[in-house]
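Going down the list, the protein sequences come from chains U and X.
The letter at position 115 of the first sequence is residue 267 when you use the numbering used here, and the numbering goes up by one with no holes.
The letter at position 107 of the second sequence is residue 985 when you use the numbering used here, and the numbering goes up by one with no holes.
These are computed hints drawn from the structure, not numbers from a lab.
Some clues are possibly wrong.
Said to hold, decoys possible - DSSO-like cross-link-like pairs, simulated, lysine-lysine; straight-line CA separation at most 30 Å: (1) U:K174 with U:K289; (2) X:K1110 with U:K289; (3) X:K1045 with X:K1110; (4) X:K1045 with X:K1029; (5) X:K998 with U:K231; (6) U:K289 with X:K1072; (7) X:K1029 with U:K174; (8) X:K981 with U:K289.
This one's a predicted model, so the numbers in the text were calculated from it and none came from an experiment.
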Amino acid sequence: MNDLVIQLEALLFVATRPMTMKQIAAALDASAADVSSALDELCAMRNGENSGIHVVQSEEGIVLATNPSCAQVVQRLAKEDVDAELTRPSLETLTIIAYRGPITRPEIEMIRGVNCAIILRNLLMRGLITEEEDRMKLQPVYALSSDAVRHFGLHNVTELPEYASLHGDAKIDALLATMSDSAAV
Amino acid sequence: MVLNLVDEGNFHYNSGMPFSVSHDTFSGPLALLLDLIERQELPIADVSLAKVADDFLRYVDEHNVPSDELADFLLVASRLIYMKSRELMPYLRIDEEDAAAAKLEDQLRLYQEFVAVSVKLEERYGNRVMYRRPEVRSVRRDDQVSFLPPKTLVVSSLQETFQSLLKRLEPFFALQETSMERVKSVEERMDELKSVLASRAGIRFRDVVARAGSRVEIVVSFLALLELLRRKHIVATQEHHDADIVLERV
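Bound-form chain X, shown alone (with noise of 0.2 Å):
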C-alpha cells in the first residue's frame, strides 16, 4: 500500500499533535479534507494539505467508501500524496501536478464557502413555509360507474400504441438474438446496452449474454460493462457471490 511505501525508510516528520480520525462517515473528499484541516485549525494552503495526507489515507482505508465515491476519493489522495512528497523532497517537482495541486487548495476554499452557507440555508428550511393554494382533485361519487374514454380515442390508436411499444422493445430483442457474425466491438456493445437500458429500468447481465455465440462475446459484454461502471453511466449490484448482477441506468 503506497502509505506504507512513504512511511517507510528516513521519511518522518512530526505532524503537530497526534490526530485520530473521526469514525463520521463524509459526503466526499472535500468534506473529509475539510474537517481534517478545520480540526487541527490549519489555513487551507499547500502545507496544511500535506499535513493532513496521512490522515485522510488513513479514513479512506479505514472506512468502507462507497463505490460509487472511491474515484472521486482516490483522485483528491493521489493529490494530497503528491503534495506531500513535494514537502518531503522539494527538489523533486511534476508541473502538471503543480497545478493540479494548486487546484485543490481553490476548489477546497470554494467549497469551504458553500459548506459556509448552505448551515444558513438549513436554518431556513421549512422554517417560515410559504404556502401556495393546494391542487384540488375533483371527487367522484361511487356509485357512479361510468366509461368515460377521451374523445380522441379511435381504435386505430390502440394498435399505434400497441405497435410504438413492440418497436421501444425491438432494442432488447435484438440484444438477445444477436448472433454475431464477426465480434462487435465493446464500443458497439456499450451503445448497445445504453440504448436498451434507455428504455427499461434495469437489466440482468445473464439477459445481456443469454444468446452469446461464444466465450468472447460473453467477455466483450463484461467489458462494455465496466467500462459503462467507470463512465458512471449505469450501476451494477449483485447480492450475493452467485446471484444475478443486475445493471440500472444512473
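Chain U extracted, bound-state conformation (with noise of 0.2 Å):
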C-alpha cells in the first residue's frame, strides 16, 4: 500500500479539527492530485462495514470518525452532544444547504419563500453549517459543517437520497436564475 495513504491516515488520526485538502497537502509535502488519490484509496479501504474507523468528507475538511453502524455502542462513551431536535424551519434550511451547498442565502430564501437570517444564525451557533465569503458570488455561501455531516450518519453530503437530481438539476438552476431576476423583496 502506499505511503502517502498511511501517512494521510496517521495524520487525520492525530488531527483535532477537520483538515482541508491544503493543509494535508502541506503537511504531507505533496501534491494535491496526489493526495486526493490518497483520500480516494483511504476512503476505499475503511468506508465500509468491517472498519470501525471511516472517513467523512465536508466544505470543512476531511475528519476520522466511527462507523454509523456503531453509533449505539460509541455514544456510551462520546462526548460528543447530538442534539437531535431539530424544528421544521431548521429542517428545511438544513436540507436545502444539505443539497444545494454552497449555497448564498437570497438563493436558499427564494426556496424556503420566507426570510431565514435568525435561523442561519441559529444554526451557525449551534455549528451545524459553515459560513465562508465566496469571492465569485461576493457574498457568504453556507454548506453543512462536518460536525452535520457525521450527525447525519454520512461520509459525504453527496450520499443523501437523490443528490443528484437536487444538487446538480438544470431544471433548479435554471428556476434559482429566472426568479432572482424577478425578485420583488
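With the hints as a guide, bring both chains together as one complex.
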C-alpha cells in the first residue's frame, strides 16, 4: 500500500479538527492530485462495514469518525452532544443547504419563500453549518459543517438520497436564475 | 380589507368542500400554501392556487404572523389574489403578474420536493452518528498558579490594542456628537447606523438621536431606521409602549 495513504491516515488520526486538502498537502508535502487519490484509496479501504473507523468529508475538510453502525455503542463513551431536536424551519433550511450547498442566503430564501436570517444564525451557533466568503458571488455561502455530516451518518453529502437530481439539476438552476430576475422584496 | 372587496357583490364561487384553517403555525408562506393545497388533494396548478387564496388570506388575518415574515406572506397573498381574480375575470390579464404567478407555481413545486426530501433527512439525524475523537484540552492543576503571558507580549502591544479599541468606538461617538450643519440625508444616516452596528451588538434609538440639533434630524434618523428595517439589515424591538427601541444587526 502506498506510503502516502498510510501517512494520510496517521495525520487524520492526530488532527483535532477537520483538515482541508490544502493543509493535508502541506503537511504531507505532496501535490493536491496525489493527496486526492490517496484520499480516495483511504476511503475505499475504510468506509466499509469491516472497519470501525470511517472517513468523513465536508466543505470544512476531512476527519476520521466511527462506523455509523456502531453509534449506539460508541454513544455511551462519546463526549459529543448530538442535539437531535430540529424544528421544521431549521430542518428545511438545513436540507436546502445540504443539497445545494455551498449556497447564498438569497438562494435559500428563494426556495423556502421566507427569510431565514435568524435560522441561519441559529444553525451557525449550533455548528451545523459553515459560512464562507465566496469571491465569485461576493457574498457568504453556507454549507453543512463536518459535525452535521457526521450527525446525519453520512460520509459525504453526495450520499444523501436523490442528491444528484436535487443538487445538479439544470432545471432548478434555471428556475433560481429566473426567480432572481424578478425578486421583488 | 382586500378579502371583503373580492367577496362582495356578485363574485361568489364554490370552492368545493368547506375547509377551515388549522391552528398550526407555518414556517413561511410556501409551507402554508403547500399544506392548503395538499389537504384538499389538489395538484399544484393555477386553478388550485386560486382556490386556496381565501384560506390563505384568512390564515394571515387570523394568525399572528411574525413581523419579519409578514412581507413574504403578503407577497404570496398578492399573487394568490391576482390568480383568483384571473379565474373570475379571465379577460383582465396583466402580463407581468402572469409571469410572477407562473413562478409561484414552479417555486411551490420546488419547495415541495425539498420538503419531501427533508423528511428523509430528519430520519437520519442523530440516528447513525459518526463520532470523532474528542478535542482534548490540557488540564491545569489547581495548586499551580503561574503567569504565562504570550511570548510576543510587549507594553507597546497593550497600547496599540487600546488605541485600536478607541478607533472602533469612534463611529459610535461620532454618531452622538454630530452637530449637523446641514441635515444629513437618510442614506447617509443609514450608512452611519450600519457602521455603528457593525462593531456593536445593539444600540438604543435614544442614543442615536441623543445629540440631535433639530427635530428634522430625529425624523431623518427614524426614517433611516425604518428603511434599514425594511431591507432586513436590522431588527428593532420595544418591550412595551414607552420603552426604549433597541436596534440590532441581523
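*Pair hint outcome, X:K1045 versus X:K1029 [Cα-Cα no greater than 30 Å]*: Answer holds: X:K1045 to X:K1029 is near 26 Å, not above 30 Å.
*Taking 30 Å as the top limit, are the C-alpha atoms of U:K174 and U:K289 close enough?*
holds (22 Å)
*asked:* X:K1029 and U:K174 were given as a pair; does the straight-line alpha-carbon distance stay at or below 30 Å?
replied: Measuring from Cα to Cα gives roughly 28 Å; hence the hint holds.
*Are the Cα atoms of X:K998 and U:K231 separated by 30 Å or less?*
Status holds; Cα separation ~27 Å.
*With a cut-off of 30 Å on the C-alpha distance, tell me whether X:K1045 and X:K1110 pass.*
With a Cα-Cα distance of about 27 Å, the restraint between X:K1045 and X:K1110 holds, given a limit of 30 Å.
*Mind checking the alpha carbons of X:K1110 and U:K289 for me, to see if they're no more than 30 Å apart?*
Holds, because 20 Å separates the two Cα atoms, which is no more than 30 Å.
*Quick one, are X:K981 and U:K289 close enough, alpha carbons at most 30 Å?*
Cα-Cα ~24 Å, so holds.
*Please work out if U:K289 and X:K1072 have their alpha carbons no farther apart than 30 Å.*
Holds, at about 22 Å.
Hint check: no violations occur; every hint is consistent with the structure.
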